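J.: Modelling step: build the complete structure from the supplied sequences, incorporating the hints.
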Amino acid sequence: MKTKALTHLKPGDRGVIKEIVAGNCATKRLYEMGLNTGTEVKVVKNDTGPVIVSLFGNKIAVGRGLAEKIMIAI
Amino acid sequence: MNTLALVGNPNSGKTTVFNALTGSNQHVGNWPGVTVEKKEGKFKFNGKTYNVVDLPGTYSLGAFSEDEIVARDFILKGNPDVVINVVDATNIERNLYLTTQLLEMKAKVVVALNMIDEAQERNINFDIEALSKELGVPIVPTIASKRKGIDELIKMSIELIDKDIKPNVKISYGEDIDREIKNLERLLNNKNFEYPSQWIAIKLLEGDKYIYELLSNDESLNSSTEFKDTIDRIKDNIDDYELKIVDKRYEFVNNVVKKAVKRPKEDVETKTDKIDKIVTNKWLGIPIFALIMLLVFQLTFAVGEDLLGGLMSEAMGALGEIIKNSLVKTNSPKWLVSFVSEGIIGGVGAVLEFIPLIVVLYMLMGILEDSGYMARAAYVMDNIMRALGLQGKTFISMIVGFGCNVPGIMATRTLDSKKDRMIATLINPFMSCGARIPVYLVFIAAFFPDKGGLVLFLLYFLGILVALLMGKIFSKTLFKGETSYFIMELPPYRLPSFRNVLRNMWDNVSGFLKRAGTTIFAVVTILWILAVLPLGVEPYSKNSILGQIGTFIAPIFKPAGFGTWQAAVGLFAGLAAKEAVIATLGMVYTGVGEGAALISAVQNAFTPLSAISFMVMTLLYTPCAATIATIRKETNSSKWALFAALYTFLVGWIGAVLVYQIGTLLGFS
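Same order as they appear, the protein sequences are chains A and B.
Heads up, the first sequence stops at 74 in my numbering, and the numbers go up one at a time, no gaps.
Heads up, the second sequence stops at 743 in my numbering, and the numbers go up one at a time, no gaps.
Rather than coming from a laboratory, the hints here were simulated on the basis of the structure.
Treat the numbers as computed from the prediction; the structure is a model and nothing was measured.
Don't take every hint at face value.
Dumping the calculated DSS-like pairs for lysine-lysine here, alpha-carbon to alpha-carbon at most 30 Å [to be verified]:
1. K336/B - K42/A
2. K69/A - K356/B
3. K283/B - K18/A
4. K2/A - K318/B
5. K309/B - K69/A
6. K283/B - K4/A
7. K318/B - K18/A
8. K180/B - K122/B
9. K2/A - K237/B
10. K222/B - K237/B
11. K332/B - K4/A
12. K283/B - K112/B
13. K332/B - K2/A
14. K42/A - K339/B
15. K4/A - K237/B
16. K356/B - K18/A
17. K122/B - K10/A
18. K339/B - K69/A
19. K237/B - K42/A
20. K336/B - K10/A
21. K333/B - K18/A
22. K356/B - K550/B
23. K525/B - K42/A
24. K492/B - K10/A
25. K69/A - K550/B
26. K345/B - K10/A
27. K10/A - K339/B
28. K318/B - K69/A
29. K322/B - K2/A
30. K69/A - K492/B
31. K180/B - K69/A
32. K18/A - K222/B
33. K69/A - K122/B
34. K309/B - K10/A
T.: Below, the structure is given as structure tokens:
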């Protein structure tokens, strides 16, 4: 199992959120939006703007700065 | 009367459920003390009337934003008889996360499992009985947009009012936390707080600042060493606890979902995915957004002004004549005839003429919002906004400001960082609100009748540009520090509900009408008095008090090309409300001032160039009193409100002067 930051994944890639290395406030927000550790996400879009991930078909956009701090196990 | 409260995530269809429950029987106000919108409505069932309160849409019930505090305080202190939790069936985990917090509050909950049709389309299937058993609350599948399941929801909720059952589902947060909760509960139990002790205990472990503050005022608690020790011990681990509690809630939710929900492993590509590929495309995203906005303004103009505006104008003119004639016939005193025909019809009438246009604009904006496109607009703008030290979500508050700056500024509450919020609040007045449209329209009709949509679009665009520029300056000077993180849901595209769009339009337009009847009426009355005093002076002349005030202010507008006392008085009146600018011009230029008479008066008093600089001034200068009051309330500071009033004036003046001076240099007139 390798872990990579969310920003390094390609569209179509799937993985499980392993760890979020952001501040408590941002981490809690991510958790509450459904992006908590153990959740499987699929990358929908990752080019210039915020990264869009899909959680069972529901899309969430995460700014690149924060996406760098979300570690995904592939 | 029994009260039902509606709680749910943003985009869960909560508003649609609310509209389906209450129909047209609803009103919008503010929660006491804060500017959060309070929607209330009523419905009748079996001869009894029930009250419904629509709480703000939130993802959680912590102390993250004012919205969350308002929602949870109402559930715990407002004593609703039943809480209806609207849950988006296509997004079950995150929606049930909110449900777990309602269970923690021991609220009497009914879950409306909404958009069940969309879930079925995506092959997500529910075992309703199992779901209800696992959560310990009744569940009603609904399709609120088609009014399906609503009667059942009403019946279920009403049945629950008289039943003496409360949720008894236990969520375990792990041994350590459970022990601390028990411990705290014991210490809190004999105290008289407005919240249940177990809930306070959980919030303390979550590091809820609001609750800490509440408890810090309680002397008996703070004198207990045992309590202090407990709090100190908790604080050592608070970061851990906080996230662990969220995790455990999700663990509970995942268990429930495992038992009651079946869905395919691979999600199918939906229409939303296909549309998003185009509208969020790296290259196409922004041009598409610009095109959509241009289309909105062209359409507003074509339908609201060309098609309907003329009719309204004629109707107003005819009505004015009838009223005036009947007053003259009944030998009313001369001053009354003058006040009614010149003051009221000239002033308030000039504003009412623009109702069709505003109706169309609000409907189109409502359609954009209800369809889910707004979130994409924020997404595509994030890059540009970030380069300016702002973030994409700020842009949503700006778009809301197109309707009215007051809700625009209130929409900044969704921004997480204080810095983002302050900047978004201070730049919102540059977003051209609906009330400014009447001013533009008169000047467009006078000078640019063929290019209405384009001129409107350019003015709105200039507003955005100035707002962004000021945002950049603020983030470099007044509010340094890091930009906050960006997390935003991109809800699926949905066919806008006609009812929601209509409702939203009416909420806005009724505000506009109310202002015409109150603020504008008051302004017009005061201006009329000032225009006919001192006694014996020729009304609306330079020698009236109004004329003298205008003459006094006018010189500062000379470099902008409109240094007349009439223009000065108009802008002065606009401080009360933006429509008053045109109402005032209507009075001072023509006496009976709407329609063609006002337009030809404006043609005589302005040149095309000074018309543009006057529109730029109207766009940018100090916002109306209601906006300034909202800035004061939201920033909790008179200093910032005063700052906003002054700096916008300066920006407006500089903008108008630049337009006029550069235009003159280039040979325009």
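J.: Starting from K42/A, check that the Cα of K339/B is at most 30 Å away, please.
T.: holds, 12 Å
J.: Does K237/B lie within 30 Å of K4/A when you go C-alpha to C-alpha?
T.: violated, 52 Å
J.: K180/B and K69/A: Cα distance at most 30 Å?
T.: Not satisfied, since the Cα-Cα distance of roughly 36 Å exceeds 30 Å.
J.: For a C-alpha distance cap of 30 Å, please report whether K332/B and K4/A respect it.
T.: holds, 28 Å
J.: Next pair to validate is K283/B with K18/A; report whether the Cα-Cα distance is within 30 Å.
T.: Distance of about 28 Å is within 30 Å: holds.
J.: Would the hint linking K333/B and K18/A be met if the CA-CA limit is 30 Å?
T.: holds, 24 Å
J.: Checking one constraint from the list: CA of K345/B to CA of K10/A, max 30 Å. Satisfied?
T.: holds, 21 Å
J.: Tell me if the straight-line CA distance from K525/B to K42/A falls inside 30 Å.
T.: Roughly 47 Å separates the two Cα atoms, so the pair is violated.
J.: Would you check the hint for K69/A and K122/B, treating anything up to 30 Å between C-alpha atoms as holding?
T.: violated, 54 Å
J.: Verify the proposed pairing of K69/A with K492/B, using a straight-line Cα cut of 30 Å.
T.: holds, 22 Å
J.: Take the C-alpha atoms of K69/A and K356/B, compute the straight-line distance between them, and say whether it is at most 30 Å.
T.: holds, 23 Å
J.: Quickly compare the C-alpha distance for K336/B and K42/A to 30 Å and report which way the hint goes.
T.: holds, 19 Å
The structure fails to meet hints 6, 9, 15, 17, 19, 23, 24, 31, 32, 33, 34 from the earlier list, while all remaining hints are met.
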